[in-house]
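A.B. asks: Listed here are the chains, written in short residue letters.
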Amino acid sequence: MQSPCSTRLTVTLARCCAIAAMAGFALGAQAQPAGIAPEAQRLLKASTDFLAKQQQFSADTRITLEVVLKSGQKIEFNHTARQSVQRPNKLRAERTGDLVSQVFYYDGKSLTLFNPQDKVYARLAAPDTLEAMFEFARTKLDIVAPASDLIYKNAYEILMDGVTDGFVVGKAVIEGVRCDHLAFRAPHVDLQIWVQEGAQPLPRRFVITTRDLDNAPQFAVTVTKWNLKPTFGAQTFSFTPPAGAKKVDFLPR
Amino acid sequence: MTGTRTLKAFVAAAALSLLHLADVATDAPLGLKLIREAHAIVGAPATPVSVAGVARRTTVRAAAATSATAQQQAATAQQQAATAQQQAATAQQQAATAQQQAAAARPAGAPPVGTVVNALPSGCRPEIKGGVELQNCGGVYYRPAFQGNNLVYVVQ
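Top line first, the protein sequences correspond to chains A and B. Residue numbers 1 to 253, in my numbering, belong to the letters of the first sequence in order. Residue numbers 1 to 156, in my numbering, belong to the letters of the second sequence in order.
There could be a bad hint or two in this list.
One side only, chain B facing chain A, incomplete, derived with CB under 10 Å [to be verified]:
1) Val116
2) Pro121
3) Glu127
4) Val140
5) Arg143
6) Pro144
7) Ala145
8) Phe146
9) Gln147
10) Asn149
11) Asn150
12) Val152
13) Val155
Rather than coming from a laboratory, the hints here were simulated on the basis of the structure. Where a beta carbon is used, it is the ideal one built from N, C-alpha and C, also for glycine.
With the hints as constraints, model all of the structure from the sequences given.
C.D. replies: As structure tokens, then:
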């Protein structure tokens, strides 16, 4: 004998499923446009170009990572990050969330990784532009700065590399902001990106679906706040070790 | 090579979060242990990266460090052998003595030097050795270091 409450829940769930199924059916039934729609391309390029032109900005992001267990069960991890960027060569990225508490500093000369909870940091000389530094950090140190894909000046080329299909899904609202919803398809991955309408075509959200893994897990980033006129201080990009902090090495890759 | 860069960028973004999954302390909540023990597949973009994969990489690295040491020892032994048989014999003897001494200094069952672990065993205390602060865990010394975004400990 089910309680009325759980019955109601079941009915609600059933309704949701039905609606989802209908939506899914509707999308599935539509012939997906082949190739890349010029309008989708144009909207994405407008967004990446706009961001590349911003000499300094900060973005608060919410990042969700799905993990699929061997049983097929999906587990989700969340963290938030704030990226502060000053082109051509300054970055600070702070992350907090499940398992994460770390600050990444780049002042144009060196990069520093600091774990405030462990009071441990490592520092290394780095190339003198953001793009070169990202490459160095990723290939030599296995270090990644969050959402760096969007900070690259040639983000459009990076995002579109290998893309075979793309179209404009329609209008959407992300964090209360009206956006154009774009969908792209590349080998192994699907990419969706939501671009703010109007004079400031900022990326508001992107989702990457790994479709050749069981249960197609997703990685999603939502920008909860863009600030195109941030105030950066002397300590924003350069790290001064707090009392008791210990310097350690980066292990060579 | 189209698509490779895109994938790399995405994998990179994902790996960032992934590496922290490997950074789970042994007394972590159940959910995190679950992830660690399960051969979880990280849903981040593009490549089936797994927590198990991170562990394997660590193992490979430790193994590589060990074999490098072995090669070095072999090279040294060959050089010595080339110099003179007697000297080589002496060197071998010395090496054997050194190994014995080293073995005596390290507790039985200690992980091989160069092993990288994500969390310290229990009962460690900081100790300065050669001007560096290490963690002394029952006679086995660990040095903290960053491996990617991940804080790890290297067996000394």
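A.B. asks: Please go over all the hints and tell whether each is borne out by the structure.
C.D. replies: Against the structure, the hints:
A least Cβ separation of about 7 Å between Val116 of chain B and chain A falls short of the 10 Å threshold, and the interface hint therefore holds. At a threshold of 10 Å, the smallest CB-CB gap from Pro121 of chain B to chain A is about 16 Å, leaving the interface hint violated. Checking Glu127 of chain B against chain A: minimum C-beta separation of about 13 Å lies over 10 Å; hint violated. The restraint placing Val140 of chain B at the interface with chain A is violated, with a minimum CB-CB distance near 18 Å, outside the 10 Å limit.
Hint status for Arg143 of chain B: holds, given a least beta-carbon distance of 8 Å to chain A, under 10 Å. For Pro144 of chain B, the interface hint holds, the least distance from its beta-carbon to any beta-carbon of chain A being 5 Å, beneath 10 Å. Proximity of Ala145 of chain B to chain A holds as hinted, the smallest CB-CB distance being about 5 Å (cut-off 10 Å). Given the 10 Å rule on beta carbons, the hint for Phe146 of chain B holds: about 5 Å separates it from the nearest Cβ of chain A.
For Gln147 of chain B, the interface hint holds, the least distance from its beta-carbon to any beta-carbon of chain A being 5 Å, beneath 10 Å. A hinted interface residue such as Asn149 of chain B counts as satisfied when its beta carbon comes closer than 10 Å to some beta carbon of chain A; here the least separation is about 6 Å, so the hint holds. Taking 10 Å as the C-beta cut-off, the interface hint given for Asn150 of chain B holds, the closest approach to chain A being about 8 Å. For Val152 of chain B, the suggested interface contact is upheld, since its CB lies about 7 Å from the closest CB of chain A, less than 10 Å.
Of the supplied interface hints, the one on Val155 of chain B is violated, with its beta-carbon coming no nearer than about 12 Å to a beta-carbon of chain A, more than 10 Å.
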